[in-house]
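> Those sequence lines, one after another, are chains A and B.
Just so you know, we're using the working numbering here: the first sequence kicks off at -10 and counts up by one.
Just so you know, we're using the working numbering here: the second sequence kicks off at 509 and counts up by one.
Calculated from the structure, these hints are not laboratory results.
Some clues are possibly wrong.
[Unchecked claim] Partner residues are not named here, just some residues of chain A that face chain B (Cβ under 10 Å, in silico): (1) 154; (2) 158; (3) 159; (4) 160; (5) 163; (6) 164; (7) 165; (8) 173.
[Claimed, not checked] Taking lysine to any residue pairs in the SDA-like style, the calculated list, with each CA pair at most 20 Å apart, reads: (9) B:574 to A:156; (10) A:156 to B:609; (11) B:574 to A:177; (12) A:156 to B:641; (13) A:187 to B:576; (14) A:156 to B:603; (15) A:156 to B:576; (16) A:156 to B:785; (17) B:727 to B:785; (18) A:156 to B:650.
Ideal Cβ placement from N, Cα and C applies to all residues, glycine included.
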Amino acid sequence: MSIVKEFTKGLWKEIPPFRLVLGLCPTLAVTKTASDGMGMGAAVIFVLVLSNVIISLVRKIIPKKVRIACFIVIAASLVVSVELLMQAYAYPLYQSLGIFVPLIVVNCIILGRAEAFAAKNPVLMSAADGLGMGIGFTLSLTFLGALREIFGYGKLFGSAVFGPAFKPFTFMVEAPGAFVCLGLILAAMNYLAIWQSKRAGLPEPAIAASCGGCRACAIGESKQIVEG
Amino acid sequence: MAEKLWRVTMSPHLRDGTSTSSIMWTVFCALLPQLGLSAWVFGPRVLLLAGVSIGSALLAEWAVRKAMGRDNTVTDGSAALTGLLLAYVLPPGVPLDLPFWGAVFSVCIAKQLFGGLGFNFFNPALMGRAFLAVGFPVAMTTAWIMPQFPGFLSSLAAPDAVATATPLYVLKHAGLAEFLREFGNSRGWAALILGFRPGCIGETSPVLLLLGGGWLLYKRIITWHVPASMLAAVALLAWVFGPEGWFTGPVLPHLFSGGLFLGAFFMATDYVTSPSRPRAKLIFGAGCGALTMLIRLKGGYPEGVCYAILLMNCLSPVLDDWIRPRRFAPPLQCEPGKKP
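Working from the sequences, and respecting the hints, build out all of it.
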């Protein structure tokens, strides 16, 4: 596989929150405004690229049995550094993201890419994969944040987009609004995928999943076969 | 000799004309007396709110079914009933766009995206109310209208008050003594029970709601299990957990001053979102009542019927699964799953 392909798959084909449905905690929690989403995404890009590179570098010396713990230690060190950097240079953003910066450690995308990709692939590939996934994550969060900010506050990146007569739709910036928006976006993504493959004359694609490292479906199938 | 042909059909052989739409429209009619009372005491604006709510629910149902490429279900009456029930759980002073957004949310997201009538987990009208309570919290908690009192009750309260608090709000935030000072005399109780008090459009009059509910019971559209166990649970818990100690609580204020009768007879008995076995219905109703009292006594809101029913809606598939009908046939001779 080429580097370009590894990079671009994170931008659309396997875009983390909308296709892989990973990393939903920050996706739901810190997308009240577009700039919050973008800041969170930037922090995740930093951590994801570096953790992918480091894990790929040491992938041959990590013992198989303790690999998850090693991944977590690497991600945690990177997250602490990004947290300190944010406190030093972007304090307002740090305050508005709050607890969700340290929570990047347990973000499924970091661990998922480490397990599914970086632990098996060379350094450059892993860096491209991390960068693509991180940018895809940032774009998704910024898009969701913009959607919620436009309708919930009538603003985009802090500047008003509607006239003064606009009555904000407060539901969108509350927690249930995040769930409803995310659900509608996922539905639209699936609809688009089905429509595209129909137009190309292909069979219907698997819905909202790139089954990367997960074998859950296969486990279910084999269990059914055993039971049957 | 011509051979006589008998028509052979599958059971059931005894049928009556009940259909989804006839049930929906019967419930709709059973609710109408309360709408008349509300229009009288809160002004004709109430009719406008109900019209907007029903109209947008019908429009949303038509539009979303068309967009999803499914057959048209506007005439089955479920969307109209959802619209009316949504209007019933709104305060009478809300702006006219609230019932529109609420109805669109109820029908499109709470009902049709789950698969339409029969597949929705949650009562659509209550989902609409929960949506509006999150999205428009100020209007949903302050837009109360002081009722216009007819002559024989006119000295009950200050007639020039425009906005006021609901009885449950008084009970929660000012205490029982203040509640009794406002509603404690015989005129106050008459106003509470007949429905001349501030509150949501459809919750004010226990008498008219009981009348409608009784008619539905008589027509066998609902059964007594859910309403009875819900009212009993609320009464019991209100009595046990009184403000001044155990077994001293005021029962009647909790029974008559909230949306309990509307919830117990018309919301919690929804076929789709409540269990279908009698014992499961008893547990479901008791759970609704218990959660209502938990929210009223310990929660942040003065009224808890809406969220109590929504929470129990989540449990209704589980209740249906737990409470299985007793096996009519003799017991199995061997372990299930093994061949004899």
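> Against each hint, give a clear statement of whether it holds in the structure.
Here's how the hints hold up against the structure:
no. : hint           : result
1   : 154            : violated, 13 Å
2   : 158            : holds, 6 Å
3   : 159            : holds, 5 Å
4   : 160            : holds, 3 Å
5   : 163            : holds, 5 Å
6   : 164            : holds, 8 Å
7   : 165            : holds, 6 Å
8   : 173            : holds, 8 Å
9   : B:574 to A:156 : violated, 29 Å
10  : A:156 to B:609 : holds, 13 Å
11  : B:574 to A:177 : holds, 17 Å
12  : A:156 to B:641 : holds, 16 Å
13  : A:187 to B:576 : holds, 17 Å
14  : A:156 to B:603 : holds, 12 Å
15  : A:156 to B:576 : violated, 30 Å
16  : A:156 to B:785 : violated, 46 Å
17  : B:727 to B:785 : holds, 19 Å
18  : A:156 to B:650 : holds, 18 Å
When held up to the earlier numbered hints, the structure conflicts with 1, 9, 15 and 16 and fits the remainder.
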